[in-house]
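The task is simple: from the sequences and hints, build the whole structure.
Here are the chains, one letter per residue:
There are 2 protein chains.
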Amino acid sequence: MSDSRSSRPYLESPRHPLVKELRRLLTKPAERRARRQWVVEGPRLIEDALRAGLVVRHLLVARRLAEAQGGGDVTAALIAEVERQGGRVSLCSDRIVSLLADTAHPQGVIALVEGELPALPPPDRLRPPILMLDGVQDPGNVGTILRSAAAAGVGAVVLDAGCADLSHPKVIRASAGAVFRVPAARLTEPGALPTLARQLRGRGWQVLGLEAHGGVPYHTAALDGPIALVAGSEARGIAPELAAECSGMLTIPLAGGVESLNVAAAVAVVLFEAARQRAGRG
Amino acid sequence: MSDSRSSRPYLESPRHPLVKELRRLLTKPAERRARRQWVVEGPRLIEDALRAGLVVRHLLVARRLAEAQGGGDVTAALIAEVERQGGRVSLCSDRIVSLLADTAHPQGVIALVEGELPALPPPDRLRPPILMLDGVQDPGNVGTILRSAAAAGVGAVVLDAGCADLSHPKVIRASAGAVFRVPAARLTEPGALPTLARQLRGRGWQVLGLEAHGGVPYHTAALDGPIALVAGSEARGIAPELAAECSGMLTIPLAGGVESLNVAAAVAVVLFEAARQRAGRG
Chain B
10 MSDSRSSRPY
20 LESPRHPLVK
30 ELRRLLTKPA
40 ERRARRQWVV
50 EGPRLIEDAL
60 RAGLVVRHLL
70 VARRLAEAQG
80 GGDVTAALIA
90 EVERQGGRVS
100 LCSDRIVSLL
110 ADTAHPQGVI
120 ALVEGELPAL
130 PPPDRLRPPI
140 LMLDGVQDPG
150 NVGTILRSAA
160 AAGVGAVVLD
170 AGCADLSHPK
180 VIRASAGAVF
190 RVPAARLTEP
200 GALPTLARQL
210 RGRGWQVLGL
220 EAHGGVPYHT
230 AALDGPIALV
240 AGSEARGIAP
250 ELAAECSGML
260 TIPLAGGVES
270 LNVAAAVAVV
280 LFEAARQRAG
290 RG
Chain D
10 MSDSRSSRPY
20 LESPRHPLVK
30 ELRRLLTKPA
40 ERRARRQWVV
50 EGPRLIEDAL
60 RAGLVVRHLL
70 VARRLAEAQG
80 GGDVTAALIA
90 EVERQGGRVS
100 LCSDRIVSLL
110 ADTAHPQGVI
120 ALVEGELPAL
130 PPPDRLRPPI
140 LMLDGVQDPG
150 NVGTILRSAA
160 AAGVGAVVLD
170 AGCADLSHPK
180 VIRASAGAVF
190 RVPAARLTEP
200 GALPTLARQL
210 RGRGWQVLGL
220 EAHGGVPYHT
230 AALDGPIALV
240 AGSEARGIAP
250 ELAAECSGML
260 TIPLAGGVES
270 LNVAAAVAVV
280 LFEAARQRAG
290 RG
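Heads up: the sequence lines are chains B and D, in that order.
According to this note's numbering, the first sequence is numbered sequentially starting from 10.
According to this note's numbering, the second sequence is numbered sequentially starting from 10.
Don't read these hints as lab results, they were simulated from the structure.
Check before you lean on any hint, since a few could be wrong.
Repeated chains share a single entry, so a pair holds when one copy, or any two copies, can fit it.
Below, computed lysine to aspartate or glutamate pairings styled on DMTMM-like, alpha-carbon distance capped at 25 Å [what the hints assert, rightly or not]:
no., residue 1, residue 2
1, Lys29, Glu123
2, Lys29, Glu92
3, Lys179, Glu243
4, Lys37, Asp133
Quick look at the structure:
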């Protein structure tokens, strides 16, 4: 083990081609999509990616971590798995880790991952409930919502072009790996979400918008059938073209003069009410 | 108006005493607490602070904004209100705004605010439900939780020393002003939360811990009586000393092999189930 470890390349220059390649992927969503390549940070998320069938092309490990006891066990297992798959492993300096990580306390392992995320089924194969996000820009919110959606048994998440990209490092991290498990797609053609909403209604689905005011109290609505929940941005709500395709609007009654909830909190509340109703029925 | 405006000081040096004072407050929680002074960014949050009875000692306005039409209306109203209260107003450069704001797109208005946040009532005056947070470090999560708590009608939020400080700029922003409305306190003495849990149980309250696994499904528990909900950190859960003082544990059943929810999402789900039960009973 120590022999193969000592033979691994050691990276310490920010101008190393691999470091430059990773930085390009971190900052260019179009490049991530075109190459189907992602940057994933931390052993837990990298393991999630592997379990989801993605391939680790290159694993960068802080030398300090690779040489440490304890924390090294997880790292050693990950290194072995990546090399078994034919991926390359390099050691690097803490400085390189900080350069590539977007967390304040990076965990010292960064992977260049390749492959497809779970694909969105065609409309006739969608399993309810599904979730549609319109203009949810904040990547932390998008990731948190994916995590809640996976946990609430959502069949698919559909995002519009105004949402954070699914391959954004903060989306991946906030999703706690759910981005590798929930079928999801960001549809960038104009009108994609209104079109999908219309198709679903045509198939007998309820398409239910979530609004801060004026809708039906969410817990009085039947959420255990074929439903699509639609959530918009906190600042602007659901776009009029999409709201026009909704079959109804839901509202979470709020106390104390509070105007609205964080969108990820609001979506979690309604998705778990739907899960509660389904479990009660089942 | 233009006369008084042109007579306002214009700040452009990072070494101006006011800028240095604001930066000190931004980075030193102990100083914020000792001086009961806060830095609040954005017209909406500053208005929330004013409505909650806090005083704006100094308002810094980007000159570009003060001179603009449109956006200037909100700013002009805020400037007038601050000056009516006896607060000082200065104009500043965009560079100074960026230096003091922790958002990527600052709104150009920053206030030095002074006063007390809503105080925690004594244990015999606490109105259920209450929420206890143990080791929730991320200020975005703490702020989002305060926002949900206010909206779900929570009587008070009690945090331990391991939680983000209530006066952290990210807590204030993520709370969307709820930090100025919900009685809340961060109790820093060791054992403060277990002691409070014991006191509440002695008064007939249910103290219910929220755990990722092994508790009673949250929607099957009675949450409409005198209850305190306890949430811990995502990484470590509820501290053993505090868990030992809980009368029971709740769990949100999760689908799809998901291990846990974001703590702010989990807390929102349970708080709104409690609100739903209360509304149904009332």
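Here's how the hints hold up against the structure:
1. Lys29 / Glu123: For Lys29 and Glu123, the Cα distance is within 25 Å only inside one copy (17 Å; across copies 47 Å).
2. Lys29 / Glu92: within (22 Å within a copy, 52 Å between copies)
3. Lys179 / Glu243: Close inside one copy (19 Å) and across copies (17 Å); limit 25 Å.
4. Lys37 / Asp133: neither (33 Å within a copy, 56 Å between copies)
Of the numbered hints stated above, the single one contradicted by the structure is hint 4.
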